[in-house]
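Q: Residues per chain are reported as follows:
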Amino acid sequence: MKITKAEAISKIANRIRQDLITAIYYAKSGHPGGSLSCSDILAVLYFNEMNINPLKPDDKSRDRFILSKGHGAPTLYATLAEKGYFSKDDLITLRNIDSVFQGHPDMNKVPGIDMSSGSLGQGLSIANGMAIASKMDKMGYRVYCLVGDGELEEGQIWEAAMTSSKYKLDNLCLIVDCNELQLIGKTEEIMGLNAENIEQKFASFGFNTKIIDGHNIEEIMQAFEDAKLVKDKPTVIIAKTIKGKGISFMEIDPSWHGKSLNDEEYKKAIEELNNIN
Amino acid sequence: MEEIKKIATRESFGKAITELKDENIVVLDADLSSATKTELFQKENPNRFIEVGISESDMMGTAAGLATCGKIPFASTFAVFATGRCYDQIRSSIAYPKLNVKICGTHAGVTVGEDGATHQMLEDINLMRGLPNMVVISPSDDVQTKALVKEIAKYEGPVYLRLARMATPVIYANDVKFEIGKAVQLGEGIDATVFATGVTVSEALKAQEELLKEGVDIRVVDIHTIKPIDKETIVKCAKETSILLSVEDHNVIGGLGSAIADVLTEEYPKKLIKLGINDCFGKSGKAESLMEYFKIDSKSIEETIKEKLYINNKSK
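Protein chains in written order, with the numbering used here: chain A, 1 to 277; chain B, 1 to 316.
If you're looking for bench data, these hints aren't it; they were derived computationally from the structure. None of these values were measured; they are calculated from a predicted model. Think of the CB as a built atom: it goes at the ideal place given N, C-alpha and C, for glycine as much as any other residue. It is possible that part of the hints are untrue.
[To be verified] Covered by chain B, per the in silico footprint, the following chain A stretches (three or more residues, Cβ under 8 Å): (1) 107 to 119; (2) 129 to 138; (3) 153 to 161.
Kindly produce the complete structure, drawing on both the sequences and the hints.
A: Okay, structure coming up:
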């Protein structure tokens with residue numbers, strides 16, 4: 001069942017944020033900043049946009065999603081649990097030796113994960129392969145791929161962009177989680193990347209492009225709707241986001257790229273998220 | 001003298017993939033289809049051929065994506081680019097998720113010839129053998145290549161197929177059957193065993209013929225599957241023959257010889273003489289001259305065995 005009310009999806013995104021932060025807290029390691037920045041996007045994808053059924057995770061005609069920025073795994077796990085692919089109870093085993101919830105997504109361990117990921121820059125090529133298969137078999141399913149903005153520094157992304165464009169993959173939608181930060185600092189300072197020139201680059205590679213507010217549920221839903229109307233071109237949605245979104249002391253602070261929370265920080269984080277709804 | 005029929009395994013590969021019946025087979029290439037011979041498939045099945053241009057990493061990822069949707073992708077380029085350039089793509093997006101992608105590397109080894117070191121891949125077996133879930137196949141002639149292409153298409157999982165540019169003699173009769181993981185023993189000689197793979201199998205057979213004229217009877221073992229390797233045959237030959245020798249168009253580090261040594265160390269410790277490229281890069285030249293230069297030709301095999309026999313006899 002698809003949820004169409006933005007407010008309802010917003011609440012789901014907030015639950016996803018609480019679940020992923022709890023998982024990272026128990027794991028004592030992980031990547032909270034980039035997990036929080038893409039939570040609204042994943043909530044829209046799984047609860048409004050994609051044709052999927054948690055009871056049939058291997059259905060051949062389902063839409064596909066690739067989390068190319070695999071370190072956002074906690075968001076994907078929390079979203080799939082929220083959607084009903086598996087129980088939420090096990091999320092806190094994240095990164096434990098006996099857990100299916102690996103530090104980065106493993107398609108063979110967790111139902112609902114369409115591709116393993118972790119090494120950056122590879123997701124768009126995978127998405128191309130899936131989108132080509134969909135066209136070859138006339139299945140009509142769509143393929144969604146989420147990359148980080150820092151991830152665009154990987155050369156393979158641009159090899160893949162040429163392929164998406166050459167094969168006119170209008171059933172493919174790339175989303176850039178443009179949170180403007182990477183591990184050691186600002187993407188703008190490190191490689192001169194910002195939402196505007198990312199858009200220019202993709203436009204020159206033959207993509208239909210759109211810059212949106214990646215935390216505005218209605219804008220995200222609309223962007224996905226618009227992408228479906230485009231023919232013969234792949235779409236990229238450049239979603240301007242805030243790294244650490246929803247937790248005041250994590251927002252726009254690159255030091256929260258890859259570390260967990262202590263007891264006090266966790267308590268404060270959950271309190272703040274609770275207050276949003 | 002009877003004319004020996006010669007054909008390069010890359011050519012046999014191009015023909016074999018074209019003959020595969022499964023409609024799920026998709027062939028990808030990176031601007032080398034005239035050299036890898038995938039153009040034969042493209043001509044027959046233009047709708048199932050994907051040209052990605054000169055971008056091998058993207059090709060491997062695309063192949064992985066296709067495989068998740070039930071396709072059987074054969075991703076083809078030169079061995080040096082197929083394995084070295086895209087090692088991480090293969091590791092993360094093919095081997096780790098255990099996807100049904102067939103990585104086809106043509107132009108392996110010094111027998112590439114004139115193009116020289118940058119194009120002569122001597123480390124690919126080492127790279128692919130070290131990856132969990134990966135099967136490594138290195139066929140020796142036309143018949144075997146065609147048969148094994150059919151086998152790997154049926155096998156569900158990642159495979160690296162190592163192919164050669166140089167034309168080599170047809171060794172096997174058309175009806176010989178080959179099984180992934182099962183080596184082929186040629187001859188019953190007990191004076192020595194020569195383990196060979198790919199282009200060196202026909203060299204070993206030439207040496208076998210020459211040595212027999214001098215009363216030395218050796219056996220040749222064609223190891224077309226380097227992983228999983230046929231432990232049983234290796235141990236059997238180690239027990240039955242006095243001299244063990246491996247010969248490969250690959251670095252002696254991490255290739256066929258190393259794979260055999262791994263088995264011997266654990267199962268039946270015995271000395272193994274490794275002929276191969278001695279931890280150096282290749283160089284330009286004619287393929288035949290390079291085989292001689294790097295001592296992986298029939299003459300070098302012959303001389304090594306004779307020398308070893310002489311030493312063995314002397315010490316008795």
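Q: Could you run down the list of hints and mark each one as holding or not?
A: Evaluated hints:
no.	hint	verdict
1	107 to 119	holds (count 8)
2	129 to 138	holds (count 8)
3	153 to 161	holds (count 4)
Consistency with the previously given hints is maintained throughout, with no hint failing.
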